[in-house]
Amino acid sequence: MEKLDEKSGATLVALPPVMSAHGVRRSFGAVHAVVDANLEVAPGTVTALIGPNGCGKTTLMLMLAGLLLPDDGEISVGGADPRKDSAAVRNAIGWMPDQLGAWDNLTCLQTLTLVGRAYRLPKAVARERGAEVLGTVHLSEFADRPARVLSRGQKQRLSLARALMNDPQVLMLDEPANGLDPRSRVELRQLVRGFAAQGRAVLVSSHVLSELDEMVDEAVFMSKGKTLGADTDAMVADARTRYRIESLDDSVLRDAFAHWDMPFEEVDGGLVIRAQNKEHAASILEALVKGGAKVHRFGPFGSALEQTYMAMNEERR
Amino acid sequence: MTTTAERATPTTSAAPRGNPWWPSWRGVGLVTRIELTRRRPTTKGYIFYGILVAAILGLGILVAALAPPGKTSTPMELVLILVLGAGLLIAPSLSSTSINGDSSEGVLAPMQMTRLTAGDLALGKLLASWLFAVAVLITTTPLLVYAFSRSGWHWYELIAVLGAILFAVLTFTAIGLAWSALAARAVASVSLAHLTTGFLVLGTLVIYAFAMPLVSENVTVTDRYVDYGTLTPDEQEAYEAGELDYSTVQCTEQTYETSVVHTDTIAWLLLLNPVVVIGEAAPVVNPNTYEEDDRAAPGAFALMHQAVGGAQLGSQGAPLGYDECGDPNSQAWSDQWDQQQEEQALFPRNPWLGLALQAVLLVGAMGIVIRRLRVPYKKLRAGTRVA
Ligand SMILES: Nc1ncnc2c1ncn2[C@@H]1O[C@H](COP(=O)(O)OP(=O)(O)O)[C@@H](O)[C@H]1O
Ligand SMILES: [Mg+2]
Numbered sequence: 001m002e003k004l005d006e007k008s009g010a011t012l013v014a015l016p017p018v019m020s021a022h023g024v025r026r027s028f029g030a031v032h033a034v035v036d037a038n039l040e041v042a043p044g045t046v047t048a049l050i051g052p053n054g055c056g057k058t059t060l061m062l063m064l065a066g067l068l069l070p071d072d073g074e075i076s077v078g079g080a081d082p083r084k085d086s087a088a089v090r091n092a093i094g095w096m097p098d099q100l101g102a103w104d105n106l107t108c109l110q111t112l113t114l115v116g117r118a119y120r121l122p123k124a125v126a127r128e129r130g131a132e133v134l135g136t137v138h139l140s141e142f143a144d145r146p147a148r149v150l151s152r153g154q155k156q157r158l159s160l161a162r163a164l165m166n167d168p169q170v171l172m173l174d175e176p177a178n179g180l181d182p183r184s185r186v187e188l189r190q191l192v193r194g195f196a197a198q199g200r201a202v203l204v205s206s207h208v209l210s211e212l213d214e215m216v217d218e219a220v221f222m223s224k225g226k227t228l229g230a231d232t233d234a235m236v237a238d239a240r241t242r243y244r245i246e247s248l249d250d251s252v253l254r255d256a257f258a259h260w261d262m263p264f265e266e267v268d269g270g271l272v273i274r275a276q277n278k279e280h281a282a283s284i285l286e287a288l289v290k291g292g293a294k295v296h297r298f299g300p301f302g303s304a305l306e307q308t309y310m311a312m313n314e315e316r317r
Numbered sequence: 001m002t003t004t005a006e007r008a009t010p011t012t013s014a015a016p017r018g019n020p021w022w023p024s025w026r027g028v029g030l031v032t033r034i035e036l037t038r039r040r041p042t043t044k045g046y047i048f049y050g051i052l053v054a055a056i057l058g059l060g061i062l063v064a065a066l067a068p069p070g071k072t073s074t075p076m077e078l079v080l081i082l083v084l085g086a087g088l089l090i091a092p093s094l095s096s097t098s099i100n101g102d103s104s105e106g107v108l109a110p111m112q113m114t115r116l117t118a119g120d121l122a123l124g125k126l127l128a129s130w131l132f133a134v135a136v137l138i139t140t141t142p143l144l145v146y147a148f149s150r151s152g153w154h155w156y157e158l159i160a161v162l163g164a165i166l167f168a169v170l171t172f173t174a175i176g177l178a179w180s181a182l183a184a185r186a187v188a189s190v191s192l193a194h195l196t197t198g199f200l201v202l203g204t205l206v207i208y209a210f211a212m213p214l215v216s217e218n219v220t221v222t223d224r225y226v227d228y229g230t231l232t233p234d235e236q237e238a239y240e241a242g243e244l245d246y247s248t249v250q251c252t253e254q255t256y257e258t259s260v261v262h263t264d265t266i267a268w269l270l271l272l273n274p275v276v277v278i279g280e281a282a283p284v285v286n287p288n289t290y291e292e293d294d295r296a297a298p299g300a301f302a303l304m305h306q307a308v309g310g311a312q313l314g315s316q317g318a319p320l321g322y323d324e325c326g327d328p329n330s331q332a333w334s335d336q337w338d339q340q341q342e343e344q345a346l347f348p349r350n351p352w353l354g355l356a357l358q359a360v361l362l363v364g365a366m367g368i369v370i371r372r373l374r375v376p377y378k379k380l381r382a383g384t385r386v387a
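Those sequence lines, one after another, are chains A and B. In terms of the working numbering, the first sequence opens at residue 1 and continues consecutively. In terms of the working numbering, the second sequence opens at residue 1 and continues consecutively.
Hints were generated in silico from the structure; no laboratory data involved. It cannot be assumed that every hint is accurate.
In the BS3-like style, the derived pairs of lysine-lysine whose C-alpha atoms are separated by at most 27 Å in a straight line are [unchecked claim]:
id: 1; chain 1: A; residue 1: LYS278; chain 2: A; residue 2: LYS290
id: 2; chain 1: A; residue 1: LYS123; chain 2: A; residue 2: LYS84
id: 3; chain 1: A; residue 1: LYS278; chain 2: A; residue 2: LYS294
id: 4; chain 1: A; residue 1: LYS224; chain 2: B; residue 2: LYS71
id: 5; chain 1: A; residue 1: LYS84; chain 2: B; residue 2: LYS378
id: 6; chain 1: B; residue 1: LYS379; chain 2: A; residue 2: LYS84
id: 7; chain 1: A; residue 1: LYS226; chain 2: B; residue 2: LYS379
id: 8; chain 1: A; residue 1: LYS84; chain 2: A; residue 2: LYS226
id: 9; chain 1: B; residue 1: LYS44; chain 2: A; residue 2: LYS224
id: 10; chain 1: A; residue 1: LYS226; chain 2: B; residue 2: LYS44
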């Protein structure tokens, strides 16, 4: 898609998307859950799927995962079409559903060992990998406790561990941050980034937008079953250029900007300007300080994704 | 991107092609193990299990103790019927929540994402539920061995009946599983599973009873008896003393209408009944010669076989009338009765129709289950989500 080419063209020419959807549609009776979804996920990147409740994120993920047949449209995962080579698609994907479910009677390690064996790993290998993955999600001390005693956040992490068992090419996380404590969220972010750094792709849907900001390379916004294309990409790009400046005396800033003929917005307790890139921002700050402004805060203005999300101006379902 | 290349080659075997559904030994075994471990009975479950087995054993021992010494097949037949009943209750109850229950708990879809095929999941779940019923049979083994030693059955006959029982339980377990694949809610699938069992066990009998009037035919029966009014006083005296020479007196005839039921045309309804199938799989006992044959007196199964045999024979023409003049002691009537009894009891065993029905139901139910478990889903169970 255009947006990907535009943003980081260099890497993308070398790496075709590992997962793509074009014109995907799916309805449940009279409910049109996904109307027109287009997205591409490149290896080594983290892509966010963002949209209000009921906009079709889960439905789209199910179709990408090879669990649900699209009514129309083309999907490809690792070169396989879920319509024909559905087993290959499922095998390439680690999927963490938004519905938490675990086998109550089994311990965490037993659960993961059995899942590993379901992926046709030999018993010993499955057990070893289960223990390793439990370590990755920081559940090692719960290895021998039954899943039913886990808290919500721990179950969430067990579910993530299950998604990692088959060493997938593509990781799909459906609202993974729900119910996680701040520390686990940071760990999730590190895990996701680490995963992408190994050259694998991640698609993550979430509502915790400020979290996503630091974790994702690409964002696909969805509304009423449609993925929003270039418009929202431009909005995200624009939002990323906005810097908020707070100083002890804003009039100095206003004068400086008027002098440089630089547009700015007034917000609560500060000013917002646009900087084309980091270097530009640094030079603005340098000039301001040299000019005598007592700047005590200078940084990106809020979450780019959140701003875009709010600006999308589409009502919830 | 060097890491991609360097990444340890995936430990999973080569990428699968297409979207296979067929079961493998390994997959079925794994699913069975998972199901058995996670549905391991709770304390309450074990108590229920204990009570059930104790009830079966208690009843069996009681009947064995009360039975007159010598050969009797009744205790064994009782245990077998109770095992069948327990199996038909337990296994379908478990299987009929196995798929929709898993789906609402959120553990079905993650399984479908693995390399397990729809066939693996279907057969594994079937086997696991079925094995819980087999466990009941196994716990009653000591009593069964004792009861068998008194039953006059041959071991291969017991094996055949046990096979028929386990097959019936397997079939109804599969039907329960199919309902659980079709219905969204567990309440619905459990009741539908038990309704199906009830329909085949009781419904066939009810339909049989209601079908009887449709195949009945009116026939005329002629009774002959001495016309008391025409006898001389001497003859009347002799008649009352039972010394009358019937050849010298005048007899009157009276005819009346009665109906006979041609049950042979509807006996197949009985043969579809799973309990009848068990009876038909049991050995035939000759009611007149069982002692010489080294058998126990006809027990419940033999009597059931005789009743079903009678139904298959049907009524052959009008019944014999009462003939006081020609046959004052009703010898012919009694002979005919004995002959009929033997003919019915020795009627060839016919479990095949019922077994064929069960096989069709088993295969059909598993077909539904496998089709319903295959992903990607085209259609979902009404009112459910994948996840
Ligand atoms: N199995 C289903 N049957 C009927 N409607 C469904 C089903 N799954 C999803 N929907 C509907 O489709 C829409 C999109 O759902 P979903 O993809 O779960 O949204 P999201 O994950 O973005 O919150 C919702 O309106 C939802 O009610
Ligand atoms: Mg969702």
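Evaluation of the provided hints:
no.	hint	verdict
1	LYS278/A / LYS290/A	18 Å, holds
2	LYS123/A / LYS84/A	30 Å, violated
3	LYS278/A / LYS294/A	20 Å, holds
4	LYS224/A / LYS71/B	77 Å, violated
5	LYS84/A / LYS378/B	13 Å, holds
6	LYS379/B / LYS84/A	17 Å, holds
7	LYS226/A / LYS379/B	22 Å, holds
8	LYS84/A / LYS226/A	25 Å, holds
9	LYS44/B / LYS224/A	48 Å, violated
10	LYS226/A / LYS44/B	50 Å, violated
In summary, the numbered hints that this structure violates are 2, 4, 9 and 10.
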